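Asks: Take a look at the letters that make up each chain.
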Amino acid sequence: MGSHGFVTLLLVSAVSVGTPLLYTALGELISETTGVINIELEGMMLCGAFFGILGAYWTHGVVGGFVCAALGGALLAALHGVICFVFRANQVVSGVILNIFALGITSFLLSTVLAERVSKSITHLADIKIPLLSSIPAIGPAFFDQDVMVYVALLSVPAIWWLLNRTSLGLAMKAAGERPQAAESLGVDVGRTRWLALLACGCLAGIGGGQLAIAGIGFFTENMTAGIGYIALAAVIFGRWRAFGVLGAVLLFAIADAFQIRAAGLGVHIPYQFLAMLPYLVTLVALAGLLRRSNPPSALAVNYHPND
Amino acid sequence: MSRLALFIRPRGLVAAILVPVGAVALALLTTGILLLIVGSDPVQAYKSMFEAAFGNSFALGNTLVKTVPRLLPALGIAVALRAGLWNIGAEGQLYIGAIAATAITIWFPDLGAAGIVLALLAAALAGGAWGAVPGVLRATRGVNEVITSLMLVYVAILLAGYLVGGPWSVPNSSFPGSEPVSAGERLPIIWDKTLLNAGFLVALVLLGLTWVLVSRSSLGLRLRAVGGNVKSARLAGINVKRAIVVAMAISGAYAGLAGGIEILGVRGRLIDGFSPGYGFEAIAIALLGGLNPIGILLGALLFGALDAGSAGLQTAAPGTPSSIVQVSESLTVIYLLIALGARDMWMRRRSARAALAERSGEAPATGVASGGQEALG
Chain L
0 MGSHGFVTLL LVSAVSVGTP LLYTALGELI SETTGVINIE LEGMMLCGAF
50 FGILGAYWTH GVVGGFVCAA LGGALLAALH GVICFVFRAN QVVSGVILNI
100 FALGITSFLL STVLAERVSK SITHLADIKI PLLSSIPAIG PAFFDQDVMV
150 YVALLSVPAI WWLLNRTSLG LAMKAAGERP QAAESLGVDV GRTRWLALLA
200 CGCLAGIGGG QLAIAGIGFF TENMTAGIGY IALAAVIFGR WRAFGVLGAV
250 LLFAIADAFQ IRAAGLGVHI PYQFLAMLPY LVTLVALAGL LRRSNPPSAL
300 AVNYHPND
Chain D
0 MSRLALFIRP RGLVAAILVP VGAVALALLT TGILLLIVGS DPVQAYKSMF
50 EAAFGNSFAL GNTLVKTVPR LLPALGIAVA LRAGLWNIGA EGQLYIGAIA
100 ATAITIWFPD LGAAGIVLAL LAAALAGGAW GAVPGVLRAT RGVNEVITSL
150 MLVYVAILLA GYLVGGPWSV PNSSFPGSEP VSAGERLPII WDKTLLNAGF
200 LVALVLLGLT WVLVSRSSLG LRLRAVGGNV KSARLAGINV KRAIVVAMAI
250 SGAYAGLAGG IEILGVRGRL IDGFSPGYGF EAIAIALLGG LNPIGILLGA
300 LLFGALDAGS AGLQTAAPGT PSSIVQVSES LTVIYLLIAL GARDMWMRRR
350 SARAALAERS GEAPATGVAS GGQEALG
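Note that the protein sequences, when read in sequence, are chains L and D.
Per numbering that gives the first Met the number 0, the first sequence starts with residue 0, numbered consecutively.
Per numbering that gives the first Met the number 0, the second sequence starts with residue 0, numbered consecutively.
Misleading hints may appear alongside valid ones.
[To be verified] List of simulated lysine to any residue pairs, SDA-like, C-alpha gap at most 25 Å: (1) D:Lys-240 / L:Val-301; (2) L:Lys-173 / L:Val-301; (3) D:Lys-46 / L:Ser-110; (4) D:Lys-240 / L:Ser-110; (5) D:Lys-192 / D:Glu-50; (6) D:Lys-230 / L:Glu-177; (7) D:Lys-230 / L:Arg-178; (8) D:Lys-46 / L:Thr-111; (9) L:Lys-173 / L:Gly-80.
These are computed hints drawn from the structure, not numbers from a lab.
Since we're looking at a predicted model, the values are computed, not measured.
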């Protein structure tokens, strides 16, 4: 790595910072498309990180870790679904509470269940070097010499674009998020569509958290997500509810984050807090419509009850 | 009809008390079972928590100290909700208030009592301004206030982190915090041999003011009208846009004031990440209290007591993690949401049955009860 230039190192850092963010933001994109907002993305990631490490320990393998990470995120998503869809609570309130719950329960389980077991860190994911592509200057090492979960995340972007824009399921999802009543009258099962999207979001955010813990540091620490879930929420807005838009937003946020790690090496001193504020500030500017008008799904965060 | 009716329908009074109390009991029970499963003694844990929260005057003082930063933002959130607005960003407004109060103590360290008043005013103003931003965006550009107020939380927290690590850092200190507030500008202790400071009195005064504001002032009526039906509020000649900004600014001012009190009364300096999430807990407390000032006071007391009680765990019941506080707090609200949902479901079913009976001409219709949760949303 020593021979690599600043841009290469910046991109390598950005991709490792951005991968958990990308999984989580793509999950939220799927969910918000159907009209369900998840303020508890942060909590889903925490659950994913915790159960990812626990699963990797139980199954002595990384695959088991990621399966458990997905299930952990989906568990919190299911709780959100029960509170909002069955008991009709406000999605924002539920999300705020579930964040506190996830922080509490993972910290509780860390000190009681996980504590003495995972002192030794788990096996890391090996990098897979893609021939030829990985030797492209600057972007090669960042995008083509990474662990398998990075490739899966990047490939998910066109896959989700295709799902949302080229399939009838995608059309049904958009209809559920824009005009649930009309969608229902056209034969879309809005309730089921929203449940599926919510659980998919839980799995993806859980994997995002798992990536952070398993591929990142190899163990779980209390509140280790430290706000990434909120940045993912911002990425969906800044990405204007489009798959490639979300990828762009994640890349921008991740490069800003990586810049504060790498800039010090150049002797450039920018307080890291200002770079860390960037995702929130640009999202505010975007929301204010100062860039281009952004249109969230019309029925976002509005519960739908077919029988009333 | 009493003035209280503006907060709670009298018919729902019993439910308004029983449901939260039941939710608290269920949450403590669930947490107790969790403790049993991991091999801790829940009875011992709760006993030591109760001791540390209410056992003596020092403990009670601690509980009240930890009630204030939850009570004030929760009152503010309730005021905004009267106008149908979700202020999710109280945590950020609290940080901005803390920053403003700290700035006054750094720039004017020798003003004494006047400095305290000035710092708290600055805290409320700054919090109000921070809260007004989502209000303005909502009023002028139709942007949902939930996301904007949430985004501003992290901007405020990072700004505080920058200040204590940069311009306000203390030279040769490994501890990221600002210079200590001068003794003359600390909020005085109002109860001997406890840590209870005058901020508690400020909070109580605001509790009363909130009641006046919401149920006896014309501003309160305007906010309520905007929260009820924007179109008819507009027809009634209410400036809806201004009401939205005012509601969010007032809401932010409460949280900002809480931040100021926390610096002048408790921490004695600005510290990176000093709030464990008071502003987020306040959302739960506002709901737990049914948006009623007295209910909110009780909810804040409960969360304050749990926080103060967690200190007792470390000494009396080692091995019991203090994170059970967050678990029981969040479970309380989860059960509350479920109970409210179940109640509405039951009421819908009953009114549907009544409608059916009426159609077949058997029984007179009973009143259709409106749903509590939907009204909040």
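Asks: Each hint: holds or not?
Replies: Status of the hints after comparison with the structure:
{"no.": "1", "hint": "D:Lys-240 / L:Val-301", "verdict": "22 Å, holds"}
{"no.": "2", "hint": "L:Lys-173 / L:Val-301", "verdict": "14 Å, holds"}
{"no.": "3", "hint": "D:Lys-46 / L:Ser-110", "verdict": "21 Å, holds"}
{"no.": "4", "hint": "D:Lys-240 / L:Ser-110", "verdict": "49 Å, violated"}
{"no.": "5", "hint": "D:Lys-192 / D:Glu-50", "verdict": "17 Å, holds"}
{"no.": "6", "hint": "D:Lys-230 / L:Glu-177", "verdict": "23 Å, holds"}
{"no.": "7", "hint": "D:Lys-230 / L:Arg-178", "verdict": "22 Å, holds"}
{"no.": "8", "hint": "D:Lys-46 / L:Thr-111", "verdict": "20 Å, holds"}
{"no.": "9", "hint": "L:Lys-173 / L:Gly-80", "verdict": "18 Å, holds"}
In summary, the structure is inconsistent with hint 4 from the numbered list given earlier, while agreeing with all the others.
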